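Those protein sequence lines, which keep their order, are chains A and B.
Residues in the first sequence are numbered consecutively from 197, following my numbering.
Residues in the second sequence are numbered consecutively from 15, following my numbering.
In case anyone wonders, no lab produced these hints; they're calculated from the structure.
Computed from a prediction, not measured in an experiment: that's the story for all the values here.
Yeah, the Cβ is synthetic: ideal placement off N, Cα and C, and Gly gets one too.
A couple of the hints might just be wrong.
To be verified - What follows is a set of in silico ranges between Cβ atoms, one per label pair, in the way DEER data are often shown: (1) Thr102(B) to Glu232(A): 48 to 54 angstroms; (2) Gly80(B) to Val248(A): 29 to 35 angstroms; (3) Gln111(B) to Gln253(A): 27 to 33 angstroms; (4) Gln111(B) to Glu232(A): 31 to 37 angstroms; (5) Arg166(B) to Gly210(A): 37 to 43 angstroms; (6) Arg178(B) to Thr216(A): 22 to 28 angstroms; (7) Lys217(A) to Ala140(B): 36 to 42 angstroms; (8) Ala140(B) to Tyr214(A): 29 to 35 angstroms; (9) Gly138(B) to Tyr214(A): 27 to 33 angstroms; (10) Glu232(A) to Ala152(B): 30 to 36 angstroms; (11) Ala207(A) to Gly138(B): 17 to 23 angstroms.
Stated by the list, open to error - In silico contact screen, one side only, chain B against chain A (beta carbon under 8 angstroms); selected entries: (12) Lys16; (13) Thr43; (14) Phe44; (15) Thr50; (16) Ile93; (17) Gln96; (18) Pro103; (19) Leu104; (20) Ala152.
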Amino acid sequence: MDPKRITVAEAPAGKDAYRTKQRKLSWPDKVKVVIELQKIAKPILAARGKSVTVWPQD
Amino acid sequence: MKKALQALNGLEREGVLGRYAIGGAMGATFYVEPFTTFDLDVFVVLPEAGGLVTLAPLYRELAKRGYPAREECVMVEGIPVQFLPAGTPLLAEALAQARDVPYEDVTTRVFGPEHLVAVAVQAGRAKDRQRVQMFLDAGVLDRKRLDGILSRHGLMERFSQWTRSA
Numbered sequence: 197m198d199p200k201r202i203t204v205a206e207a208p209a210g211k212d213a214y215r216t217k218q219r220k221l222s223w224p225d226k227v228k229v230v231i232e233l234q235k236i237a238k239p240i241l242a243a244r245g246k247s248v249t250v251w252p253q254d
Numbered sequence: 015m016k017k018a019l020q021a022l023n024g025l026e027r028e029g030v031l032g033r034y035a036i037g038g039a040m041g042a043t044f045y046v047e048p049f050t051t052f053d054l055d056v057f058v059v060l061p062e063a064g065g066l067v068t069l070a071p072l073y074r075e076l077a078k079r080g081y082p083a084r085e086e087c088v089m090v091e092g093i094p095v096q097f098l099p100a101g102t103p104l105l106a107e108a109l110a111q112a113r114d115v116p117y118e119d120v121t122t123r124v125f126g127p128e129h130l131v132a133v134a135v136q137a138g139r140a141k142d143r144q145r146v147q148m149f150l151d152a153g154v155l156d157r158k159r160l161d162g163i164l165s166r167h168g169l170m171e172r173f174s175q176w177t178r179s180a
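Build out the structure end to end from the sequences listed, making use of the hints.
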């Protein structure tokens, strides 16, 4: 599926496929994703006054 | 995370910790897709002092080893680790039946998926409800085993409510 050309009808299937792919990652690779999510969330939480720690990469 | 797991294994080997297992969000991430979390929930058996379960001796020992307490966590190799006593029958069972899993070349222990769901149902927060749905979507649950755990710990009704309206 071309991600630049997707219909509304195709979107839920694409999302499910993405989630399945993420689920099948190895645990260390999932942790890498978690760290990327932490990096995204950190400034948002900081703006709300909450300090969080981004984990070091292995 | 590898260094933190190695440190936890060392603490268990040296008797600073009793048996430990990972639960919470990082435990769930072993089975479902990754999602945002900032701490590592580690469930442990703690020695009792005068009938009270206390984390103080563990925190003192960890501080000696260069792992300082910060708010409700201890910083272990740069990761905020929350040590939680397995102080309910459900948590004790989850810890006893936790499975050995590999993280690269390190072996650690994670709650089984059915116990993670039961613990989430018991906790009862909105984020726990979302987590239960992630497990259902992932198709990783042994429903017979889950039903047994939920029945044993009086959680079947809430689970049914959550999944009926999901």
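Structure-based check of each hint:
1. Thr102(B) to Glu232(A): 48 to 54 angstroms: violated (34 angstroms)
2. Gly80(B) to Val248(A): 29 to 35 angstroms: Violated, at about 22 angstroms.
3. Gln111(B) to Gln253(A): 27 to 33 angstroms: Holds, since Gln111(B) and Gln253(A) (Cβ atoms, about 32 angstroms apart) stay within the stated range.
4. Gln111(B) to Glu232(A): 31 to 37 angstroms: The hint (31 to 37 angstroms, Cβ to Cβ) holds, given that Gln111(B) and Glu232(A) are roughly 32 angstroms apart.
5. Arg166(B) to Gly210(A): 37 to 43 angstroms: Holds, at about 40 angstroms.
6. Arg178(B) to Thr216(A): 22 to 28 angstroms: Check passed, 25 angstroms falls within 22 to 28 angstroms.
7. Lys217(A) to Ala140(B): 36 to 42 angstroms: Given range 36 to 42 angstroms: violated, Cβ gap about 26 angstroms.
8. Ala140(B) to Tyr214(A): 29 to 35 angstroms: Given a distance of about 23 angstroms, which is not inside 29 to 35 angstroms, the answer is violated.
9. Gly138(B) to Tyr214(A): 27 to 33 angstroms: holds (29 angstroms)
10. Glu232(A) to Ala152(B): 30 to 36 angstroms: violated (20 angstroms)
11. Ala207(A) to Gly138(B): 17 to 23 angstroms: For Gly138(B) against Ala207(A), whose Cβ atoms are near 32 angstroms apart, the range 17 to 23 angstroms is violated.
12. Lys16: holds (5 angstroms)
13. Thr43: holds (5 angstroms)
14. Phe44: holds (5 angstroms)
15. Thr50: This hint holds: Thr50(B) lies near chain A, its Cβ roughly 4 angstroms from the closest one there, short of 8 angstroms.
16. Ile93: holds (5 angstroms)
17. Gln96: violated (12 angstroms)
18. Pro103: With a closest approach of 28 angstroms, the Pro103(B) hint is violated.
19. Leu104: Hint on Leu104(B): violated, closest Cβ of chain A at ~24 angstroms, above 8 angstroms.
20. Ala152: This hint holds: Ala152(B) lies near chain A, its Cβ roughly 6 angstroms from the closest one there, short of 8 angstroms.
The earlier numbered hints that this structure contradicts are 1, 2, 7, 8, 10, 11, 17, 18 and 19.
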